[in-house]
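Novice: What follows is each chain in one-letter form.
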Amino acid sequence: MFSFTGIKDYHNALLNGQTTCVEAVHYYLNGIAAQQHLNAFIEVYKEEALQRAAMLDAALPGQQSLQPLYGVVIGIKDVISYQDHGLTAASGILRNFVSLYNATAVQRLLDAGAIIIGRQNCDEFAMGSANENSAYGIVRNAADPERVPGGSSGGSAVAVQGNMCMLSLGSDTGGSVRQPADFCGIIGLKPSYGRVSRYGLIAYASSFDQIGIFGLHLNDVALALEVIAGEDAFDSTVSTAPVPAYSEQLQTQPEKPYRIAYFKQALEHPGLDPAIKEQTEAFIETLTAAGHLVQAVDFDLLDYVVPAYYVLTTAEASSNLSRYDGVKYGYRSPVATDDLTDFYKQNRSEGFGAEVKRRIMLGTFVLSSGYYDAYFTKAQQVRRLLTQKTTAIFGEFDAIISPTVPAPAFKIGEKSDPIEIFLADIYTVFANLTGIPGISLPLFTHPSGMPFGIQVMTSQMNEVTLLSLSKTFMQIAAKD
Amino acid sequence: MNVSVIFVSMEINDGVFNQLAHLARLRFSEAEKASIQHDLQRMVAFVEKLNELDTTGVDPILHMSNSVNVWREDVVEGSVSREAALANAPVQDEAFFKVPKVIKK
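Just so you know, the protein sequences line up as chains E and D, in that order. So in this note's numbering the end of the first sequence lands on 480, straight run, no missing numbers. So in this note's numbering the end of the second sequence lands on 585, straight run, no missing numbers.
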C-alpha cells in the first residue's frame, strides 16, 4: 500500500525498489476517483500520467540519485499553461482553449521529472475566495464537504488535502494560495513578486500575480520552489537574483532567536474570529517562551489594504481581460451581428461569469477619465505608503505573523455579499500589495472542527528566512 | 490643524453604469444590471475609504519590480506555426481568422 510522507522518503523507496512511479500514480488516481464529489479537478490526465510514470520506472534501474522531482505527482491550477492540454481559467470564455506552450513553471517541473496528473478547478480567472465562481461548478472542502475550500485555488488545495496529488501549483493575487491552504489545513506558499516567472500564467492583475505551491510537507514545498524559481527570458519582471538551495538551507537552522512582529490592529480587528484570536495569541506566547522576540507593532494602515487592493487589481483585470474578444480564440456568440462593438459585447457578455464582470466594471470605473486620479493614482500612492512601512518593519524584524484568514471555512452558499467577501482578504492582500513572500502553515484546529493556519511573511526575496522560520514554527507546534 | 474632509460618494447612476458597460464592452440584462449596479455602488463607496489618508506628495508606485531595463540578446527563433496559431480560433479557414463582415457600404 502506497503512502506519501515526503519526496525524500518517496525517492528512497523508489531507489530501494519498495515502490514505483506507476504505483504512486495509481494511488492518486484512486484518490481522485473516490472523491469526485469534491470537484477538485477539471480534467485528469490518467493515461498520460500512467505512461510517463511507466517511462520513469523503466529509466530507474542503475540511477544513484534522482532528478529533484522525479516521479513527483503534481496537479496544476487551470490558469497555468501546459502544452497541448486544455486551459480555461474555469471560464466559459475559454471553454475549448488548448495551450500552445508550457508555462515556464510547468516546463521546469517536467524537466525535473514531475508527472502532471491533471488541471484543477478554481474561481473564474482566479477571482474569488470560495471557489464558488467556477464555470465547472463549486469545489468542496475534503474536511467537510458542506464547506468551501477557499479560493481562488480551491481545487489545487483540496487535491493536496485529499491525497489526489503530492503537490499543486496555484496562483496567488491576493491570497488565492494562502487562504485555501488555511481552509484546507495544508501548506500554501506565495513567493515574492518576481521570484517565479509568470510566463504561461493567465493574467489577472499582473503587478500582483504570483505562482504558488501547495504541499503537505515543508521540505517538498521548498524543493518545488527551488525548481520553478528564477530568471526567465520570457518574463522581464522575474528577478535575476540567484535561486538559493531552499531545501538544503532548510536543514540548517540559525542559532539566534527570531525577531517577529505582529500587527496590533490585526489581532484586535473586530472581524477576527475569537477562537482564531485566542489560539494565535497562545502561539505567540509559545514562541516567546521558546526564546523568540515577538512584538506588537502599530499598523494603522490595516483598514486601507483591502480597498487599495480592489482598486488596483480590478483596474489591472479590466485591462488584462480586454483581450477576450472572441476573434482569435475563446468563446464566440452564435448571435449574428454586423456591428463590431456589438460583436465584442455579445461574446464577452455571454462568455464571462458574474464576478468577473463585476470586477471588470469596477476596474473600468477606477481607470475612466475623470476618476483615474481620485481612485487609481490614489491607490498607487497608498501602495507606496504600504511598501515604505513594510521596509521600516523589516529593518527591525525578521518576519511578520498574523492569522491567514479572519474566520475558518464557511458553509457553501453562506456568503454572497461582495464587500463581506472582500474583507476576508484583510490579512493576505498585504503581501501582494508589497511584493513580499507569505506562507500559510496548518497549525491549528477551530472549535468548528475545521483547520486553520498562521501566516508568516518576510522581506522581499527572503524565502530562505520564510522557510526556515516556517520549519521552526512547525516544530514548535509539533507538526513536522 | 485638523481638517475634516467630507467626501460624498460617487453615484453610479444609470448614465455612469451604461457608459462603463460600453467601455468594458459588456452588456447586461435588466436583472443583471440591477444587481451589478447595486454592487458597484457599494464597491465604489467601499474603496473611497482611501480618501481618509493624506497622500499629498506621495509618489505613486507604477512598477513592482526593482529592475530597470532588463535586456537580453535578440536571438532569431521560430514562432508558432500558422496551424497552431489558428487552432484555437472560433472560426477560421486554415489560412485566416474569420470574423463577421462589419464594414458597411
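Since the hints were derived computationally from the structure, they do not count as laboratory data. Be a bit skeptical, because a hint or two may be false.
As the list claims (entries may be wrong) - A partial selection of chain D residues facing chain E, derived with a Cβ cut-off under 10 Å:
no.: 1; residue: 494
no.: 2; residue: 542
no.: 3; residue: 555
no.: 4; residue: 556
no.: 5; residue: 562
Stated by the list, open to error - Cross-link-like lysine-lysine pairs, in silico, BS3-like; alpha carbons within 27 Å at most:
no.: 6; chain 1: E; residue 1: 264; chain 2: E; residue 2: 389
no.: 7; chain 1: E; residue 1: 471; chain 2: E; residue 2: 277
no.: 8; chain 1: E; residue 1: 256; chain 2: D; residue 2: 529
no.: 9; chain 1: E; residue 1: 415; chain 2: D; residue 2: 581
no.: 10; chain 1: E; residue 1: 389; chain 2: D; residue 2: 529
no.: 11; chain 1: E; residue 1: 46; chain 2: E; residue 2: 8
no.: 12; chain 1: D; residue 1: 529; chain 2: E; residue 2: 328
In this text, all values refer to a predicted model and were calculated from it rather than measured experimentally. We treat Cβ as the ideally placed atom computed from N, Cα and C, and that holds for glycine.
Novice: Next step is simple, just say for each hint if it's right about the structure.
Specialist: Results of checking the hints against the structure:
no., hint, verdict
1, 494, "violated, 14 Å"
2, 542, "holds, 7 Å"
3, 555, "holds, 9 Å"
4, 556, "violated, 14 Å"
5, 562, "violated, 12 Å"
6, E:264 with E:389, "holds, 14 Å"
7, E:471 with E:277, "holds, 22 Å"
8, E:256 with D:529, "violated, 41 Å"
9, E:415 with D:581, "violated, 45 Å"
10, E:389 with D:529, "holds, 19 Å"
11, E:46 with E:8, "holds, 24 Å"
12, D:529 with E:328, "violated, 40 Å"
In terms of the numbered hints stated before, the structure departs from hints 1, 4, 5, 8, 9 and 12, listed from lowest to highest.
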